[in-house]
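Q: Protein chains in written order, with the numbering used here: chain A, 1 to 171; chain B, 1001 to 1715.
Source of the hints: derived by calculation from the structure; they are not laboratory data. Predicted model only: the values in this text are computed from it and were never measured. Any given hint could be a false lead.
What the hints assert, rightly or not - Here are the computed lysine to any residue pairs in the SDA-like style, where the Cα-Cα straight-line distance is at most 25 Å:
(1) B:1107 with B:1117
(2) B:1427 with A:68
(3) B:1492 with B:1452
(4) B:1636 with A:55
(5) B:1496 with B:1450
(6) B:1333 with A:102
(7) B:1079 with B:1023
(8) B:1427 with A:69
(9) B:1636 with A:58
(10) A:40 with B:1679
(11) A:40 with B:1678
(12) B:1463 with B:1033
(13) B:1333 with A:67
(14) B:1333 with A:97
(15) B:1079 with B:1179
(16) B:1427 with B:1111
(17) B:1636 with A:62
(18) B:1417 with B:1463
(19) B:1636 with B:1674
(20) B:1427 with B:1015
(21) A:40 with B:1111
(22) A:40 with B:1675
(23) B:1333 with A:55
(24) B:1417 with B:1439
(25) B:1333 with A:69
(26) B:1100 with B:1450
(27) B:1333 with A:68
(28) B:1100 with B:1111
(29) B:1368 with B:1402
(30) B:1636 with A:28
(31) B:1417 with B:1446
(32) B:1333 with A:100
(33) B:1636 with A:56
(34) B:1654 with B:1596
(35) B:1411 with B:1438
(36) B:1636 with A:67
(37) B:1460 with B:1402
Here is what each chain is made of, one letter per residue.
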Amino acid sequence: MSQTQTAVTAKSAGLSASHQASEFLTFRLGQEEYGIEILKVQEIRCYEAVTAIANAPDFIKGVVNLRGIIVPIVDMRIKFNLGQASYDEFTVVIILNVASRVVGMVVDGVSDVIQLAGDQVRAAPDFSSNSFDTNYITGLGTADDRMLILIDIERLMCSPDMALFDGGTVQ
Amino acid sequence: MDDLDLSEFHDVFFDEAAEHLASMESLLLEIDPDAADEEQLNAIFRAAHSIKGGSAAFGFNDITELTHEMETVFDRVRKGQMPLSPSVVDVFLASGDMLKAMFATRKDGAESVSPADVAALCERLRVFLDAPAAAPVAVAEPVAAAAAPPVEIAAPKAVEALPVLEIVFGPFDKTFNAEAVDAMVDDLRRLGRIEETTVVAQRQPGKRKPKPTERRFRIATAVSEAELGEALSFVADPAHFRFVDASTPIEQPDAAPVAVAVPVVAPEVEDFAPRAVIDEKDFCLFVDPATLPGNEPVPDAAVSKVVELKSAAKPVPAAAGADAASIRVSVQKVDALINLVGELVITEAMLAQASLQLDSALFEQLSKGLAQLQRNTRDLQESAMSIRMMPMSFVFGRFPRVVRDLATTLKKQIELKTEGEATELDKGLIERIIDPLTHLVRNSVDHGIESPAAREAAGKPAKGTITLRAFHRGGNIMVEVLDDGAGLDREKLLRKARERGMGVSDSMSDQEVFALIFDAGFSTAEKVTDVSGRGVGMDVVRRNIREMGGNVEITSTLGVGTRISIRLPLTLAILDGMSVAVGTEVFIVPLTYIVESLQPAESDIKTIAGQGAVVQVRGEYLPLLTLHQVLNLTPKVVEPHRGIIVIVEAEGRKTAMFVDELVGQHQVVIKSLESNYRRVQGVSGATIMGDGRVALILDVADLVGAVPKEYGLAA
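In isolation and in its complexed conformation, chain B is listed as follows (with noise of 0.2 Å):
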């Protein structure tokens, strides 16, 4: 067989197969073990039986044996025969696991799983097998839901009192034709033994050989006739197939239908090779049963190799369940094209100005059509932005695991809510947060929730309550981690940063203390839980956040909860920035950072001896940040009053810089400064204004933080 062909569909199977796990996770996370929903076993069952489908094509024997365990155990559970045990659900947790380490090593090249550990996950799952079942089941294989499964050989252990059942196909139309049956027929194979019984015909005017208006299969199979029904209702029109009773005769058609009877088919049927269900014009692709080994039962190697071919070419396209009208594409080609449509909203503006310069009279014309573009292009660039938007059960989905896996080490109780799960955020930025989320998470579980004596202890209910929120406010997305558990003790916090010799003062704003256990000295003091390896601390999440353009705040009550809130830009490529002056260069801020701007008076400018100069805005005293100063400029205005302030809060702190002047706000597409540059202090990244210079975006909270913290004065 020619590996080749066959690995260019690996990643696609690889991709599929992660999803099927994972909604086979999710799942299994949400079941009621005494109320379960016969949709969400079957719907388990799929996703397992799916994956063994794929993995026994590609030949990756070890997943085909553990899924096949899986299925057979949980095909028991969905029929009733077995009950749906915590037990269970933990094996199959377990098992989803190491199916993910298989596929890792696979796909990355991680590690691989140890057999001995296979084996033992393949005899825990055996266990269940051998309790007594209500009803032992053929070794048919049961009904599976993907539309072009490879194949495998049944082998049908000729039970003699298997109940028969009848299908008639037809009528024939142009959709669906007589041939079309065969390919059906041979996939009903491996549910039991079928032969045609009879074909009814129809002699057609001016035509010699009789048309097909119905061909009649007997099957004789353990499987329902709803079941049978489901499966071919994937591959034909419900209108083409119908169930009739073994006993009921063939009805006579109107216009003198010839009823042929075909006895010889049997023999015929046996030799072809189980072929996997395909459309009509794959049919003349497959080997002419005439060539094919005798009557002998085909081995299993060769029917699947018959059948690795179509099925490699056509991954499952069912398993992608509701999805059937999206596409895969390479996250390559939609940065690329987002890239394109920078550049146009870059062109467009530059246009934009230098058509400011024209009479607009005279060039009516021109200027329609200019405003026009515009429209056109925030249009395409919206829409070309949603590409990337992913919603935020991505993120959350992960999370009821997590949760639940730690709450059982530590003996918590603890019950995750997620809200908000719908809202969008950009791929990008979805892969980037779930580190510090997850982080923040378990710090909750960890530190947050308290223990059930501790929680009753103080009148709380024992269970303790996580909630995930997302939502969007103004142009960001708000991700919120909330517990109702211990929340932070702001004198704990004072007294720690003391000790670590950190400048602290008592009037500092609680937001202000809680922020404290982002600094690094904090993070590792009293860790119990495993987060090593992982090299992520509350400092490194911050900083992570911020690298995202985002910011986190803490607020938290003593005793009765924490918040910890997560502001994330809607996407990494667009800004809104205000475009600032000082010297000769044009700097840009974050919108998002900004909460006004002023001319200041004179009087309103302090300096404090030794440490720089605040100014009083309505009653507080914000820390001056004299950019010519920090950037190293010569600015065309030096006294604070003659130029502009911009206060801008960040880290919960409001500081007021000085510039010069303030130019204008724009939307701007973000440049990578550090594509080809190194990380400068104070700018996170560069932009191309409408004259074809180069802006730099100043970092906030960079700036800020240079700014000294024993600032904090009240008016």
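Bound-form chain A, shown alone (with noise of 0.2 Å):
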């Protein structure tokens, strides 16, 4: 599929979605809160010790065993360029479960699990943004007084310009 066709059938995907209640995970990147599908979303661990690949992108941390699987670790705060990249034992990585393959993101904290009916959820305006390609955006949800980012994290993690798989398009 080409960009636009993606680009459009991940709007109309997202606008569907919105019209259902569906549940977010919800976590902290910087001063943001983003959240994404919870089916997408496989387990939550604490960061540990990463076996680091040579030539890899700043962003890809490297790999680490999940239960005798090799599970490459991306830091998202590296990647868009949001807030302080530190590990300590308060560091989050959620395991996520994207296109039949396992990767973790790290992030500054997960927040809780909410669910958005359709009314909570608006679309996103489609300003540019150098640090965040908005096509990967799917709306903009309200919960209490908090915005939150839905983003669609299949197709964000399977974009080339994350280099985490080969001929990075979703499957």
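Quick one: dock chain against chain with the hints and give me the complex.
A: Below, the structure written as structure tokens:
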């Protein structure tokens, strides 16, 4: 599929998803709060010793052993230049299951799982942003006073500029 | 008919049919038309017959029709009524190919074979039938070897002149009772008209009804007694039946028997639908004969439906031939098992590591237990690995055909020899070695072996020889392709390389020059034969072999021949490696590449301006590969003479890898990096160390390839 086609489908998928109540896992990157579909989340772990991969981009920290499987770990804070990338006992890694692969992403903290009904989600305004390609944003959710930036995490992880998978398109 | 029930069994049938086709092809290629072994002929016949039976049960009419023609023709051959000429062999080989295509259509949804082609092939087969045969064979179906064939109605036309055989079933015991005979008799029905003549029964004390001790039948059939006996021996112990002269009177067993003649049986017997031969316990599943339509001959369709259920439920067991003691297991299950064993190995390693810290005197029992655990785990691992091992004959089996066809096309005379077919190799590797090996063999046929004229001019026998050899060496499997052809011309290769602007020098060793043909620039030049569409050039061959964790090397002598050696690891999953430290990271270097390790003296390290460093080892200068530079790490040791040099050999060249220190030697379980990440240059996989951390396995060939080729300075 071409880029435009995938963009259109993603947007329409995002919109249709917003018509039903969906569950999102919310997490913090810097000052902002993001939400991703809970179904894509496999588990949440603390940040453990990572084996670095030579000559990989700096946001790919390396790989870890997840009960026998080798899983790459990405630091979203470095990739999107959001907040300070520090690693302490509170650093959280969200293990995702996207496109039949397992990937981990480091975030500043995980908040909670919330349900958003269709009327709580609005389409994202189309502002071009340098740090974050708004193609991946499926909408903006409101819960209490918080604004959640809802992301299509599968598309994001599979995109070529994440350099995670060979031939990075969503399967 | 409920198609859903049958489609489950399609796969099993396809697998078995593939086996039959393979064995048929290899027999046809092996067989000497002038001195055909009867057993081989029978085996070929049985293969065709088994396929026919199965396809009839599943309703694959086109396959049934073709195999029927093949069977009829071959029946004549095996009975000696027709000579086995090379043209018959050719037609049969072509039929085998067409059957494969037909199966591919059904199994993989491949393009269907055009009915016109099928008809043409059937015509070719029928041509042989029309040739005058020694004795007209009645339409009666020949004896089949398969134990549970779906029965086709033979409609034995009552050829009055058919000889009559008399069979006596008995004595009966616990394993073989009178009722079981009915099933067998029904199976014989397709061979000829059969009727029961007498039942000899014995009065049992205390029981009113006499118990049968013998049942006699008469069958009018064209089939010989020997063949009939053969058919029966598949379902009954030969001790339980015998053939007698039709005139032999019924013997009188000892305890006052009552001979009961059963004259009425004949019309009833006609009513029974012929049944597949089955176990006694399935007996009651069958249609009550009373419900069947009257005396009319039961049409094919109805019969096959009744029979389909049973034959589907028991896909031809004897078709597996001698493998009665084996079971089919899906590859996924085996892989899952091997993964679990791999995990066990890792856990065991972790325990062993943790226990090192324990005082062995205090924890003696624990230490002993762990030592025992280690032994058990190793044994389990070996056993599990061996499940996936298959003999090389699976690979070598297809080559006689390949060579034969190609040699015929190119008008060369080539003999193919194979050695070490029993050598076992992991199933995954077997599948992956086939394509590269095929390419290499085709190369040998095409470019290696010369034409008969050229060979004779060179004083060689007109018939060239290609040898395929497999054997174990060290921890590896070696697969070699040898030919006594023209060999490689070193000068020609160097010239070509220069033409293509590749950096070569005259001081390159023979090995290095020959290895040039693996470079992408070389492969496609003067290819005449059709390797198109497969995208396989010599560079792909080498890449495929490397991806399997193996290596390929060429030795050759101009005018004498060439030998291509492929080295493969015994298994994909486990690797013997040496762990080395570079900075804070630990890497694994596969042991198969390591030649030696040493700490060089400062004076042995020399630099070449602008190109890097070399190490002098016993008179040879080896290029120095500084790992911390390639991998972009901060090392603990910067000067080579303070660290360790690991000398590795890959692609025919030796290179010195500079690392901080050696950590140890381990057997590691290879974990895929690419399943969740992507291919990394210089890394072939990952493993989990005893402390739970991930260690990357270095792809030595890749790393070495990065070192410039211009080195090769003599001491």
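Q: What's the verdict on residue 1427 (chain B) and residue 69 (chain A), does the C-alpha distance respect the 25 Å limit or exceed it?
A: Holds, at about 23 Å.
Q: Is the straight-line distance between the alpha-carbon of residue 1636 (chain B) and that of residue 58 (chain A) 25 Å or less?
A: 22 Å, holds
Q: Are the Cα positions of residue 1079 (chain B) and residue 1179 (chain B) separated by 25 Å at most?
A: 34 Å, violated
Q: For the pair supplied as a hint, residue 40 (chain A) and residue 1111 (chain B), confirm whether the alpha-carbon distance does not exceed 25 Å.
A: Violated. Residue 40 (chain A) to residue 1111 (chain B) sits at ~39 Å, over the 25 Å cutoff.
Q: Does residue 1463 (chain B) pair with residue 1033 (chain B) here, judged by a C-alpha cut-off of 25 Å?
A: This hinted pair holds, its Cα atoms lying about 20 Å apart.
Q: Next pair to validate is residue 40 (chain A) with residue 1678 (chain B); report whether the Cα-Cα distance is within 25 Å.
A: 20 Å, holds
Q: Is residue 1100 (chain B) within 25 Å of residue 1450 (chain B), Cα to Cα?
A: 32 Å, violated
Q: Can you confirm whether the C-alpha distance between residue 1333 (chain B) and residue 68 (chain A) stays at or below 25 Å?
A: Distance of about 18 Å is within 25 Å: holds.
Q: Are residue 1636 (chain B) and residue 28 (chain A) close enough, with their CA atoms no more than 25 Å apart?
A: 37 Å, violated
Q: Are the Cα positions of residue 1368 (chain B) and residue 1402 (chain B) separated by 25 Å at most?
A: Given pair residue 1368 (chain B), residue 1402 (chain B) is violated - Cα atoms ~56 Å apart, limit 25 Å.
Q: Starting from residue 1417 (chain B), check that the Cα of residue 1463 (chain B) is at most 25 Å away, please.
A: 12 Å, holds
Q: CA of residue 1411 (chain B) to CA of residue 1438 (chain B), is that 25 Å or under?
A: Between residue 1411 (chain B) and residue 1438 (chain B) the Cα gap is close to 19 Å, so the pair holds against 25 Å.
When each numbered hint is compared with the structure, violations occur for hints 15, 16, 19, 21, 23, 26, 29, 30 and 36.
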